[in-house]
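Residue-level listing of the chains:
There are 2 protein chains.
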Amino acid sequence: MADAASREFFTTRTVGEALAGFRPDRRTRTETVPLHLALRRVPAEPVTAPHPLPGFPRSTVDGYAVRAADTYGVSEGLPGYLTITGAVRMGAAPDGAVTPGCAIAIPTGGVIPAGADAVVMIEYTAEVMPGTIEVVRPVAPGEGVVRADEDAMPGQEIIGGGRPLRPQDLGMLAAAGVTSVTVYKKPVITIFSTGDEVVPADTPELKPGQVRDATAAALAALVADAGGEPVFGGIMPDDPGALEMALRDALPASDVLVISAGSSVGARDGTADAVARLGPPGIWCHGLAIKPGKPTLLAECAGVPVIGLPGNPRSALVVFRLIGVPVIRLVGGCTAPPPEPSTRARLSRDLASATGRLDVVQVTVDDGLAVPVFGLSALLSVLTAADGYIVIPDEATGLDAGSEVNVILYA
Amino acid sequence: MADAASREFFTTRTVGEALAGFRPDRRTRTETVPLHLALRRVPAEPVTAPHPLPGFPRSTVDGYAVRAADTYGVSEGLPGYLTITGAVRMGAAPDGAVTPGCAIAIPTGGVIPAGADAVVMIEYTAEVMPGTIEVVRPVAPGEGVVRADEDAMPGQEIIGGGRPLRPQDLGMLAAAGVTSVTVYKKPVITIFSTGDEVVPADTPELKPGQVRDATAAALAALVADAGGEPVFGGIMPDDPGALEMALRDALPASDVLVISAGSSVGARDGTADAVARLGPPGIWCHGLAIKPGKPTLLAECAGVPVIGLPGNPRSALVVFRLIGVPVIRLVGGCTAPPPEPSTRARLSRDLASATGRLDVVQVTVDDGLAVPVFGLSALLSVLTAADGYIVIPDEATGLDAGSEVNVILYA
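Protein chains in written order, with numbering that gives the first Met the number 0: chain A, 0 to 410; chain B, 0 to 410.
Hints were generated in silico from the structure; no laboratory data involved. Misleading hints may appear alongside valid ones.
Identical chains share a label here; the pair holds if one copy fits it or two copies do between them.
As the list claims (entries may be wrong) - Heads up, simulated EDC-like pairs for lysine to aspartate or glutamate below, C-alpha to C-alpha not over 20 Å straight-line: (1) K206 <-> E149; (2) K290 <-> D399; (3) K293 <-> E403; (4) K290 <-> E16; (5) K293 <-> D365; (6) K206 <-> E126; (7) K290 <-> D272.
From a predicted model like this one, the values you see are computed outputs, not experimental measurements.
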């Protein structure tokens with residue numbers, strides 16, 4: 000991003016350029032959290048098994064621990080006979096060892112006694128007289144047994160760094176006795192709304208020309224989904240000086256600044272002026288080749304990424320999903336983002352698109368058919384009506400009705 | 000589920016039968032939560048717009064509010080001329096109305112003044128002398144304007160009931176001034192672990208035969224993902240009487256009981272005995288046609304669904320994803336579950352499967368290739384190594400290498 004400092008004229012960038020090129024170095028510090036608060040948190044480093052898992056050889060079936068060689072050649076017609084010399088209790092060490100010609104009863108999960116190298120399932124045995132079983136099927140060494148280090152060898156990586164922890168990862172850590180994890184702190188994302196017309200969402204009666212702040216509530220939710228901690232910076236009037244001061248105040252405690260800018264050209268220019276004065280390297284791009292969402296500003300000021308969003312709520316949310324969410328994940332140390340829900344569908348009608356610009360089209364999906372939801376970019380109802388969206392890439396001039404499209408679904 | 004009460008012998012069910020037939024009537028009560036805590040919560044009823052949105056006709060562009068008829072026939076070669084009689088300020092009512100032959104300057108998002116029915120973009124105008132613009136392109140009525148009720152008409156449903164709230168839904172509610180939502184309470188899911196061998200995850204040193212409770216930590220995470228509130232009931236020994244008492248104590252405060260049962264046949268039978276004594280209608284099925292996960296128990300006791308899971312952590316988690324998560328969503332009022340991430344892939348090798356049984360196979364996915372992760376059902380590492388899983392349906396006898404499969408991805 001160093002070249003941005005010397006850029007005299009702000010260029011419009013493609014979404015691909017932004018995703019590849021706007022990659023701030025900032026990372027949050029780390030903290031240690033208990034396991035029950037670690038779901039979806041991002042481990043700062045791999046976690047290794049402190050000891051072998053499960054830690055002892057276990058039976059995978061209910062049956063008898065035996066020496067496999069004692070069962071070789073047995074069959075329904077020619078059973079083998081073994082003397083029962085004991086029984087393994089769950090959660091306890093076996094009392095004795097398995098000696099030649101003998102067997103020890105064992106439940107699923109029990110400790111394999113010394114001397115035994117296999118477990119014959121109870122279904123293939125019968126206690127023909129007290130203390131003696133017949134065995135009608137041979138077992139190979141290792142059959143019916145989980146090795147002491149089969150789930151993890153000591154020192155083996157059980158959890159990688161950089162990928163949000165999933166439910167099964169927490170299970171694995173619990174199994175290993177790892178009850179706290181060092182993770183990246185959640186990046187603090189300070190969200191500013193701007194615009195003389197914007198009032199708080201809890202304003203009961205609007206004066207003519209006023210609109211409630213819809214974008215901040217939705218952005219906060221997207222920030223939380225991306226693993227960030229949303230903080231409201233407040234609603235700023237269309238006054239670059241006041242905005243600059245508010246942004247400057249928020250810089251030290253923020254990992255990313257997000258500004259949903261005023262809608263008019265003047266308001267947007269004012270936002271750019273305020274951001275430009277925050278500090279080097281400054282504005283990286285002003286204008287993104289995307290529809291809706293062109294008036295997007297990306298900057299880095301005093302080590303903090305700054306994302307200026309379009310004033311229209313719908314455009315702002317479209318751009319934030321595509322550009323803002325990856326930035327938050329990056330700053331939060333997430334190098335392996337979770338998969339997004341998606342589905343293949345056929346397009347219900349032709350869609351036009353200009354080359355050199357990425358188009359994001361909201362769609363409903365019903366029975367494999369993706370139906371575009373049209374409406375002005377000022378309308379939030381287009382987003383709430385949609386099940387997901389399709390992306391028409393920069394190079395395409397449109398999509399034909401019936402063509403197969405990949406729909407990213409809203410979860 | 001009424002027929003379950005009279006069932007003398009417990010039957011094995013298919014997963015399809017369980018999903019269609021094990022549908023408890025229980026629903027949580029409702030509560031009202033503020034908007035900033037409402038993400039992914041399930042609205043108990045639809046929310047309607049209390050007034051039209053945006054509430055006033057707005058400009059979608061920077062330009063001049065005009066009477067469309069005043070621009071008819073104008074062109075680059077034959078511009079029209081209009082007198083500027085004012086300017087709309089953001090967030091304020093216009094000072095005057097647009098009269099014939101006149102125009103009022105307006106920023107994007109400004110209130111359309113009375114008399115105007117369109118906005119001509121500033122790009123198609125020029126202020127040829129102070130107070131007069133020339134217009135070089137005609138506009139149609141409605142062009143450049145969002146109608147006062149275009150985002151929502153008063154009384155129109157803006158959010159449906161039963162679907163977890165998404166970021167854009169919160170934005171829409173904020174726009175409408177709806178700052179709290181009536182949602183289903185999160186169902187309380189009490190999780191019991193059983194087994195003489197199971198010790199808490201924070202046990203630093205294991206005695207021979209002991210294993211730490213891995214399942215409870217992972218189940219709690221899956222419960223949270225499904226919109227539930229996990230509560231730990233504790234680790235119970237293999238003692239049906241003690242388990243029954245603990246379950247009975249937990250019933251009044253639980254919306255669902257989950258028991259990860261001991262691994263051995265005796266322990267599983269003990270769990271079934273304890274559940275059977277909890278109350279009518281009792282056990283609905285004991286045994287599920289799924290691999291892994293056969294020793295699954297589904298019951299409803301005194302109005303509370305009870306899910307008995309296999310003792311092996313991996314089997315327990317597989318079954319809980321398929322059967323437990325839908326039950327939690329149902330009890331929590333969610334009638335439109337969010338989409339799951341998935342991807343199409345080619346299978347790397349042949350997979351055998353028995354008919355009449357659903358097989359769940361863990362896979363990694365790399366470059367469109369789904370590679371099965373094999374290992375005993377006792378191994379958690381199979382789940383942590385996997386990117387997702389494929390389902391081989393009951394009727395299939397297996398899948399061929401190269402066949403296209405749908406992989407449900409772990410998020």
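Outcome of the hint check:
1. K206 <-> E149: Classified as between: cross-chain Cα gap 18 Å, same-chain 68 Å, threshold 20 Å.
2. K290 <-> D399: within (18 Å within a copy, 43 Å between copies)
3. K293 <-> E403: Neither: 26 Å inside a copy, 39 Å across copies.
4. K290 <-> E16: Close inside one copy (15 Å), not across copies (46 Å); limit 20 Å.
5. K293 <-> D365: neither (30 Å within a copy, 34 Å between copies)
6. K206 <-> E126: Answer is neither; intra-copy 88 Å and inter-copy 31 Å both fail.
7. K290 <-> D272: neither (24 Å within a copy, 62 Å between copies)
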